[in-house]
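Colleague: Residue numbers (the numbering used here), protein chains in the order written: chain Y, 1 to 156; chain L, 1001 to 1644; chain C, 2001 to 2257.
No wet-lab data here; the hints were simulated from the structure. What you are looking at is a predicted structure, and each value in this text was computed from that prediction instead of being measured. No false leads were slipped in.
Just a sample of chain L residues kept apart from chain C, beta carbon distances all over 12 Å, derived:
#, residue
1, Gln1004
2, Gly1098
3, Ala1149
4, Arg1197
5, Asp1400
6, Val1541
7, Asp1551
A few chain C residues that don't get close to chain L, going by computed Cβ distances all over 12 Å:
#, residue
8, Ala2011
9, Glu2024
10, Pro2068
11, Ile2069
12, Met2076
13, Ser2125
14, Glu2126
15, Tyr2205
16, Pro2229
17, Arg2253
Chain L side only, calculated, beta carbon under 10 Å to chain C, not exhaustive:
#, residue
18, Arg1316
19, Cys1347
20, Pro1348
21, Leu1422
Even for Gly, the Cβ is constructed at its ideal location relative to N, Cα and C.
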Amino acid sequence: MQDGVAAAMESLDLFRQLTEAQRRSLAALARLEDLPQDAVLLRTGEASARLWVVLEGRVALSLDVPGAVEALLLTLGRGELVGWSSMLPAPRPRAVANARALEPARLLAFDAGDLQRLCEADHEIGWVVMRSVLAAVGRRLTETRLQLLDVYGKRP
Amino acid sequence: MTAQALARDDLGALFDALRAEGYRVVGPTLRDDAIVLADLRGPEDLPAGWTVRQGPGTYRVERRDDEALFGFAVGQHSWKGFLFPSRERLVEMRREDGALEHRPAARDAAPLAFLGVRGCDLAAIEVQDRTFMRGRHVDPGYDARRRAAFVVAVDCLEAGDLCFCASMGTGPGVERGFDLRLTELGPRFLVAVGSARGASVAARLPLRAAPAGDERRRRDGLDDARAHMGRTMQADDLPGLLFGNLDHPRWDDVAARCLACANCTLVCPTCFCFSVETVSDLSGTEARRDRAWDSCFTVQHGQIHGATFRPRIKDRYRQWLTHKLGAWVSQFGVSGCTGCGRCIAWCPVGIDLTEEVAAIRATSRPAVAMPPPPAPAPAVREPMVPATARVTAVRRETDDVVTLRIAHEIAFRPGQFHMLGLPAIGEVPISIAGGDGRSVDHTIRAVGAVSGALAALEPGHALGIRGPFGSAWPLEACVGRPVVVVAGGVGLAPLRAALDTMAARPLDYPSVRLLYGARTPADLLFTDDLQRWAADPRFAVRVTVDHAGADWRGDVGVVTRLITDVPPDAVALVCGPEMMMGFSVRALCAAGLPAERAYVSMERNMACAVAHCGRCQLGPYFVCRDGPVFRFDRIARLFDQEGF
Amino acid sequence: MKPRLAVIKLASCDGCQVTLLDLEDELLAIGEALDVAHFTEASSRFDPDGPFDLTLIEGSVSQPRQIPIVRHARAMSKRLVAIGACANTGGLQALRNWANHEEYLSLVYARPEYIETLAESKPVSELVPVDFELNGCPPDRHQLLEVITAFLVGRRPNIRSESVCLECKRAGHVCVHVAYGIPCLGPVTQAGCGALCPGKRRGCYSCFGPRENANTGSLADDLERKGLPPAEVARRFRLIYGWAPPFRAESARREKP
Ligand SMILES: Cc1cc2nc3c(=O)[nH]c(=O)nc-3n(C[C@H](O)[C@H](O)[C@H](O)COP(=O)(O)OP(=O)(O)OC[C@H]3O[C@@H](n4cnc5c(N)ncnc54)[C@H](O)[C@@H]3O)c2cc1C
Ligand code: SF4
Ligand code: SF4
Ligand code: SF4
Ligand code: SF4
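Chain Y with its partners taken away, still in its complex shape (with noise of 0.2 Å):
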């Protein structure tokens, strides 16, 4: 299974900044997660203690509308994080979305108290970490930004 950890951390481009040795503590701490479709990560309210990779299959985010149905905000597919609220300094806020695998998928599961520790004992990862949670954040925000604009609704 740890080998498993290891070649798909080594797959992705979010662990590329790290040396070998980094690479090594960090997977020690991960887990890899087979989901069924339809099976459920995170759910509106409550805290969420992990952060995911997606290695295979696509999770969806979704947003509860009170009196109406669903929306889908946004899906996510290989190398994308799920739950990086989880990485934000205690009190952790509670999720805002859903999120669940829209087809079976595989993800690399890090508890993200460990995580927390790992970067708070060893700054080198720490800030490696953080710039990649950063810099997915980051693009997330700027495709959000692209789906407010509407840019294929009706101008007045």
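For chain Y, the structure is supplied; the task is to place chains L and C with the ligands on it using the hints.
Modeller: Okay, now just chains L and C with the ligands, sitting in the frame of chain Y:
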């Protein structure tokens, strides 16, 4: 051959000769305290003994101390008013009992003789010839009037206060392009013959041998005029200089003064922009399309549904100057300025382009390279008269999008477009979404009046169709390479025929990836085609939407998220809203694709689609002629420039 | 069924409706194409019960009793077109917007207590959304016909937001501003009149109101350079369309306390 002269007192004979040959004589005359161009009865109508004083924003007629007939510089009017009238009827239409008829409007073809054409103005006529006669599409009205017109040129032996023809190489002497040329030397005119028509008129004149020394007096007079030009402008490097300085602070400075009133463009003898207006009776039975002088200083000139490309006065002034002195060279192989000075005099607040150029030059950044003019192409006539065609089938794609199948035998290349019109409503550009030689498909989103009326057509209904126009997707350059197609919204329509071509030629297109973004799953076009393409093993189809409900199994998120793992030798074809294309090309380039292998399809306002109306300009290009499909690197600079 | 037309009048001189009646040649055809359901000027027939397909509304809102009329007209109309300077910017009666309202009343009327007015003369669009604003004092009859025709056949009315200068140049008029030094507001005024005044050797005084992107500041500077005192410049911007925001702002800038 010895030089010949016509006595001033015999000038009436020239009028008689021109009339005898069937011409209506027009030229300068004093009216309302200004020298205007109008019908002339005879020499008595010429402004004998008058001259003008001009400055930025001012013009006054004054008495001369002699009785010279041509002793003044050009005024507000130019010959453009006769060759390209300020209003002109183009097409007449009649719709009755389901029948629809289009016919070219009748044209008044009485040949004109232009008396007193200066060097700058003859050059200006030749500049407009390139727009209306020398491109792929010939304007029949202009062409007829121009071919019939007889040019009596006049040398300028005195320069005006605002003239800079010497800088632009168009004057002060007239050396070619005339039928007859007069040089006013006191009591007589030195006469030169420039054409067979000129010779036949000259044969009717009481010409005498010119006294020895007249040729020399002409040359001295021209030298003197050249030495006393009211303005100068260094012109040889202007295209690259202006396009290299699109962010110069001077544009803001002039924008604070400029009224965007359009006077400069309307008095300019080379400006050719026009709008097309649909006029009809109350029932819509009889309709017509008229054109009227327009200008890049109006908002409509740069406006499409949902976007205004030049909202600020700064954008408009910059369009005028960069077109006139810069882009023109790439479009037509000649500068759009002849140095006549009209735009300086007739600007209500006296903005002087020579001063603006000098200010930009003084603190400029390096010039950039500009594209060369296009190669000549065989001429097409009556480009504004639509053919009548009928809708044979209508397919509803989404709430507001339909695909019309129209019976129309035409060959086209994927990426090209048609102008589709309804008589009393208007005409708009719509891409060709497919066709089989006997019919064409057009996929139309109802966003406004014309598109809404087109989208409401039913089988059997008639409409007007012109084209096909414009450039195509580079399907030959894609042969043997992986192709990445990125489409957004109705932007899939212009790509559909290209995708079908690639689907039909498996050996040429081994790998095609279609990344398609839409607003919601309900807004997806061509769902059958998407399934058909997805079933083809060479095709990878990925669809993403901005918003979806829980039952959607595809992707959610912007289309750029699908742009990953781009093969380094791929060619990308991108079409959709401009903002979406910008982000997509950037993502493609970030993924390693060179910009010269990304192609985009641009949308601009189009009234004619034949590179005459000037509205679809994008820097050195006409979107209707050089586009709509562009190689991205060729327009990258303007793509990111606000106000183009 | 023919589309139903209503013409409604608020505070105005009726000039706009006269423009409609002025369409002598076309009036018959309009009457044939449209069911004129309500027309305050042409007849005394009163049928405020819509719905109407097209409502032309003229005049500004300057009395409290006009507010419900405007709301009713909006609710009853598929398309509401405000015609004329009054309906679109408050019109000439907006001059009182600069004055002390009470003082004005007592100067003009012997028994001001009988006069019920609002303190400001307001455009229709301040109360309800309008589908189209046709400017001019009065509007041009060809433009009015175009708005009606465009509505009937379903095209976008061919009314351009360009400057009067374009019409002036197309007509071939000699520019009065440049050639005779006559101050002209054409460059900042919306086209539509066909450059009537410059064609008669007079400066434009903007009876069609400000155009899109009107650079009033640069023109006002030029008028001062031509020798007009600032107060006079302010007065020129404070005429028929004086209450329109660009002109209102410019006259305020030029006015010396
Ligand atoms: C090359 C090209 C290909 C296109 N292909 C398609 C297509 O396949 N399917 C599709 O749905 N749409 C296409 N469009 C866009 C389509 O032309 C516009 O949606 C249409 O012009 C809107 O006109 P309207 O009268 O319905 O809109 P309105 O909003 O009522 O009118 C907008 C006004 O702006 C002007 N205007 C707006 N857009 C243009 C324009 N592009 N050219 C000239 N004048 C304009 C018109 O004069 C009109 O009066 C294409 C545009 C271009 C330039
Ligand atoms: S740009 Fe000005 S000077 Fe040049 S040709 Fe036009 S009007 Fe004349
Ligand atoms: S775009 Fe060019 S040709 Fe057209 S009005 Fe402007 S300067 Fe003249
Ligand atoms: S440069 Fe002068 S003439 Fe041209 S639009 Fe500006 S103010 Fe008008
Ligand atoms: S006379 Fe007035 S409207 Fe006409 S061009 Fe001159 S400034 Fe413009």
